[in-house]
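Starting from the given sequences, assemble the full structure and let the hints guide the process.
Chains as they are written, first to last, in full-length UniProt numbering: chain A, 1 to 429; chain B, 1 to 429; chain C, 1 to 429.
Just so you know, not all the hints are guaranteed correct.
Identical copies go unnamed one by one, so any copy, or any two together, can satisfy a pair.
As the list claims (entries may be wrong) - Taking lysine-lysine pairs in the DSSO-like style, the calculated list, with each CA pair at most 30 Å apart, reads:
no., residue 1, residue 2
1, K232, K391
2, K351, K232
3, K152, K58
4, K50, K391
5, K58, K362
I should point out that these hints are in silico values taken from the structure, not numbers from a laboratory.
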Amino acid sequence: MKREGELMHQFMEKLYPICRSITGDGVRKTLEIIQGMIPLKIQEVPSGTKVFDWEIPKEWNIRDAYILDEEGRKIVDFKKSNLHVVSYSAPVDKVVTLDELQNHLYSIEEQPDAIPYITSYYEERWGFCITHHQRMQLKEGKYRVYIDSELKDGSLTYGELIIPGESEEEVFLSTYVCHPSMANNELSGPVLTTYLAKWILSNSRKYTYRIIFIPETIGSITYLSRNMDTMKTNIIAGFNISCVGDERAYSYLSSRSGNTLADKVALNILTFKKLDFKSYSFLERGSDERQYCSPGIDLPVASIMRSKFGEYPEYHTSLDNMDLVTPTGLQGSFDIYTECIELIERNETYKINCFGEPQLGKRGLYPTLSTKESGRIVRNMMNFLAYADGKNDLVDISNTINVPVKELYSIIDNLYKNGLIVTVDRNAM
Amino acid sequence: MKREGELMHQFMEKLYPICRSITGDGVRKTLEIIQGMIPLKIQEVPSGTKVFDWEIPKEWNIRDAYILDEEGRKIVDFKKSNLHVVSYSAPVDKVVTLDELQNHLYSIEEQPDAIPYITSYYEERWGFCITHHQRMQLKEGKYRVYIDSELKDGSLTYGELIIPGESEEEVFLSTYVCHPSMANNELSGPVLTTYLAKWILSNSRKYTYRIIFIPETIGSITYLSRNMDTMKTNIIAGFNISCVGDERAYSYLSSRSGNTLADKVALNILTFKKLDFKSYSFLERGSDERQYCSPGIDLPVASIMRSKFGEYPEYHTSLDNMDLVTPTGLQGSFDIYTECIELIERNETYKINCFGEPQLGKRGLYPTLSTKESGRIVRNMMNFLAYADGKNDLVDISNTINVPVKELYSIIDNLYKNGLIVTVDRNAM
Amino acid sequence: MKREGELMHQFMEKLYPICRSITGDGVRKTLEIIQGMIPLKIQEVPSGTKVFDWEIPKEWNIRDAYILDEEGRKIVDFKKSNLHVVSYSAPVDKVVTLDELQNHLYSIEEQPDAIPYITSYYEERWGFCITHHQRMQLKEGKYRVYIDSELKDGSLTYGELIIPGESEEEVFLSTYVCHPSMANNELSGPVLTTYLAKWILSNSRKYTYRIIFIPETIGSITYLSRNMDTMKTNIIAGFNISCVGDERAYSYLSSRSGNTLADKVALNILTFKKLDFKSYSFLERGSDERQYCSPGIDLPVASIMRSKFGEYPEYHTSLDNMDLVTPTGLQGSFDIYTECIELIERNETYKINCFGEPQLGKRGLYPTLSTKESGRIVRNMMNFLAYADGKNDLVDISNTINVPVKELYSIIDNLYKNGLIVTVDRNAM
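Okay, here's the thing in structure tokens:
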């Protein structure tokens with residue numbers, strides 16, 4: 001296994017304990033740590049700002065929270081798991097009966113050892129999340145409930161990194177930083193995105209990269225409301241990066257139209273890697289692709305995931321922890337995404353530069369030693385040329401001639417060097 | 001079961017005994033009785049009138065017909081079944097041998113108890129139709145054959161009802177009234193169409209309805225020859241209504257192109273009702289869709305039937321009688337057709353009125369009580385909005401998000417009321 | 001069986017012994033014999049002429065070749081099989097050890113009784129091809145190798161026959177004459193093409209026919225480099241005729257796009273003949289379609305074969321001999337190709353000449369005697385008319401209504417005679 005998987009997993013350990021929500025200091029601290037890795041620009045948008053059909057909510061911060069039983073024992077403690085408190089809980093400090101308490105408790109009968117992840121962003125209430133096992137053991141009596149939180153005018157925080165390329169055309173990566181201590185959904189996304197940004201920065205590139213770390217939904221709506229026109233003009237392909245850390249599956253979630261460059265690239269790479277990936281329609285969406293692909297915005301955004309949100313048992317519970325996400329799982333996602341980006345960078349519409357088949361022999365493109373391997377290369381070269389008709393792009397040709405793009409890159413370089421192909425401007429067609 | 005099925009069946013009993021053909025008093029009487037239910041305008045087109053490639057034939061009427069055996073017994077009697085005489089039989093009154101008689105007899109060996117339905121519209125001859133069972137028992141001897149019929153210059157009669165709507169765009173319903181006493185094919189058609197017309201008249205409507213009761217083939221050709229331009233300009237969807245009375249099947253016969261609004265609506269309604277319907281291609285056509293969908297006319301006309309003409313054993317025999325057609329069978333057709341019409345009335349191309357997903361909560365569109373049912377409604381609403389892109393019409397969205405239109409109507413009303421969607425003029429696209 | 005199969009097989013016997021290559025007297029002699037059958041125009045293109053990315057090579061001729069063992073016995077003799085010498089072998093006359101000889105021998109271990117067919121057009125070397133069986137028996141010792149061949153500036157020879165028609169639009173037939181004594185691949189092609197040319201000459205025709213007999217690859221490139229513009233303007237359909245002589249299979253190889261008129265016609269004829277043919281994609285190409293369908297040339301050229309090149313065990317060996325190719329095999333190809341040409345000649349875009357269905361009866365198009373056969377004809381006629389909408393051509397209609405074109409020809413003649421259909425200019429649409 002390559003090194004990035006381990007590094008990403010270590011980086012994740014560092015971010016894991018922070019209590020994030022859609023606003024507040026948890027997000028800020030997360031973005032600052034990421035800023036230590038890549039030159040992120042951190043933006044603040046004030047509460048009350050109108051963003052499309054929405055409004056930036058009040059900022060939420062929490063210092064402490066617990067439940068004490070009659071004997072004063074801390075039976076639930078926010079400091080042990082930040083999932084114990086409903087995200088955006090209003091402050092509370094009172095003594096309640098078990099009956100009253102039950103109205104503010106959340107647990108999952110079917111997963112008695114899991115603390116569920118519950119939010120209440122747009123309705124003011126308070127609540128605690130506990131394992132069902134613990135809930136069953138609660139006795140009649142008085143309980144002191146204490147949440148030291150604050151809802152106040154503040155701001156929504158997000159991070160943005162624009163990496164300029166030769167072209168103004170953009171590749172877009174979006175991930176979200178609003179989940180408390182959960183691993184696959186969602187710390188794997190920001191961690192992988194950080195390492196992809198590092199990798200992009202370390203390579204020469206044709207396209208500009210727009211990479212954002214935002215709170216889900218309200219963050220993408222906010223970001224779109226400020227950048228939509230540029231994004232619609234420039235973005236040629238993008239990915240919403242989420243749930244990329246476990247080892248159990250590969251998943252592909254299509255854009256709304258299903259036929260954007262992002263979809264084409266994702267399907268080509270996943271298919272030729274012979275990964276047994278699951279394909280999900282846009283009806284099974286659930287993250288920021290909901291905004292990016294909405295009518296009138298229609299960005300070319302797809303998702304490649306490991307186990308998809310909502311499709312694995314630990315999803316949105318305390319069981320989605322650091323054991324679930326592995327260096328191997330993260331590495332797999334890193335490899336797929338870097339191959340996708342490489343393909344986007346290399347994807348062109350090619351056109352053969354002569355009539356009929358060229359004479360490969362006189363150019364030394366015909367192998368002198370005829371082996372099975374060299375025969376395959378010549379066949380791939382001739383098939384590439386047969387479809388290099390100024391209409392098919394590299395992905396189309398790879399699909400048609402059934403050869404992975406990895407095997408075509410050196411063939412293309414050779415043909416290019418020999419003046420046998422040219423690229424055609426797809427916008428001018 | 002709803003009431004219409006019973007009412008239709010009773011109405012059918014009244015029309016059943018009348019001897020109809022493509023012209024003559026049987027058609028007139030039938031249309032007059034229907035006129036008692038809906039404000040039908042009855043039209044007469046003179047014999048000899050040129051209609052496209054055809055000419056209106058002479059008018060045929062019959063008063064009586066029988067066969068007497070040597071003992072003077074009336075062994076075949078038109079008064080007992082009007083199927084006994086070949087439709088458009090010339091008058092005859094003579095004594096013939098059994099051998100001569102056989103040349104004018106029609107029966108079905110495989111259905112020995114059925115009187116077949118035979119016509120001879122465009123060639124002058126006479127004939128009797130009897131059960132094969134009876135034919136086998138005929139003895140050598142003399143028979144008196146008597147048909148008191150008349151072929152004379154007269155006219156072709158049809159009924160027309162134009163129900164104006166807000167729009168000049170039209171929905172077209174066509175049925176035929178040229179068959180003698182048979183039930184599924186074809187008294188079910190005019191009876192259902194009468195009740196659909198009553199239902200349309202009793203509701204407010206967007207579209208104009210053009211509803212016609214005609215003799216098959218020559219009637220549709222005649223009607224088209226007089227109204228084709230208006231019809232081609234105005235009709236957005238239509239149905240040829242035939243064979244809609246038995247309980248054994250649902251059938252869909254596509255238009256020639258297969259992708260008109262009539263086809264889309266019929267398939268959507270039939271599919272989501274989870275009826276196990278049979279789908280027939282235009283190659284299996286057989287009624288007036290032959291004219292409506294012919295090249296150069298190309299009206300958007302499909303058919304929804306119960307057991308399709310030619311596909312059930314009693315077809316075109318005396319066995320296609322009032323026992324075969326049931327209130328339940330008719331009601332099923334009524335329900336499907338009214339749902340189709342409702343869908344045509346409500347079908348629009350919708351467009352979401354904001355960027356990104358709207359905030360349902362602040363508009364009270366998010367249910368306060370979260371149940372399985374309310375979750376489904378919210379999911380359907382969000383999916384509806386995701387595809388309300390100004391390109392998909394309601395049928396497209398229903399198909400894409402896999403939700404019956406019935407469940408979308410109230411969602412659309414809610415979204416509309418809240419200003420979250422607008423309709424787009426499909427002609428202006 | 002028809003007569004052409006026998007005649008073609010006899011003609012093939014005459015051409016079989018000639019030693020052909022991509023240039024030289026073998027090609028000339030072959031073309032002269034064909035010229036005895038059809039008025040072929042023979043063209044010479046000098047060595048060194050630039051043709052697209054290629055150059056006409058030196059001309060190669062061979063008089064004799066053999067290998068003598070130490071006892072002076074002629075163990076390999078070109079006069080017994082012209083496959084014994086690598087095509088384009090340089091002259092040689094020397095004594096070599098067995099070890100040195102082995103470097104110049106070609107045989108097939110898996111087919112020990114076959115002499116392989118080997119060429120070395122663009123690299124100067126010499127070599128002998130023998131059975132693996134013989135090779136295994138060679139003893140240590142000295143061998144005299146003798147090849148009396150000549151590589152000199154000369155020319156590339158090809159034959160061309162333009163058969164003018166009423167229209168400048170062309171049907172194109174191409175076959176190749178560069179293989180020494182092998183039967184299915186490739187003497188069957190030029191032999192069948194000769195008989196197709198005779199058949200075309202003997203019939204009246206609408207289209208002009210361009211028929212060429214060329215060496216493979218360099219020949220098609222040469223021909224294209226001289227005629228491309230006319231060919232691109234005029235050719236509406238073409239076939240590369242190769243491997244058309246055995247009885248074991250029918251094969252269809254698509255054009256690059258797969259949807260040209262040649263493809264449509266080939267698939268229609270093969271499908272309705274209910275031959276169990278194998279369909280090959282353009283990725284499995286191997287003959288001059290490589291040039292005809294290359295990007296920027298894009299001629300509508302497909303292939304119908306019996307056992308396809310590369311797909312039968314005797315391919316490119318001495319086992320591909322006169323026993324493999326049979327009169328029946330050749331006749332099958334002749335029948336298919338003549339049916340394809342007949343269909344191309346008759347293919348039109350038809351349009352019904354009236355609104356609605358015509359009245360067949362008054363024109364005598366309705367059979368007076370109603371039989372199963374006549375019912376089928378009427379049904380086919382009505383179905384033909386239903387799709388004669390000025391958009392579908394004959395192939396489309398045949399496919400849609402599922403009736404072989406052979407059964408539609410007389411129907412079309414009848415409808416045409418009665419003024420019920422017209423043809424529509426597909427270019428004017």
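Results of checking the hints against the structure:
1. Taking identical chains as interchangeable, the C-alpha atoms of K232 and K391 lie at most 30 Å apart whether they share a chain (24 Å) or sit on different chains (19 Å).
2. With identical chains, the CA atoms of K351 and K232 are at most 30 Å apart both within one copy (28 Å) and between copies (19 Å).
3. In this assembly of identical chains, the alpha carbons of K152 and K58 lie at most 30 Å apart only when taken from the same copy (5 Å versus 89 Å across copies).
4. Taking CA atoms no more than 30 Å apart as the test, K50 paired with K391 passes between copies only; the shortest distance there is 28 Å, against 44 Å inside one copy.
5. Taking identical chains as interchangeable, the C-alpha atoms of K58 and K362 lie at most 30 Å apart only when they sit on different chains, with a minimum of 15 Å there against 72 Å within one chain.
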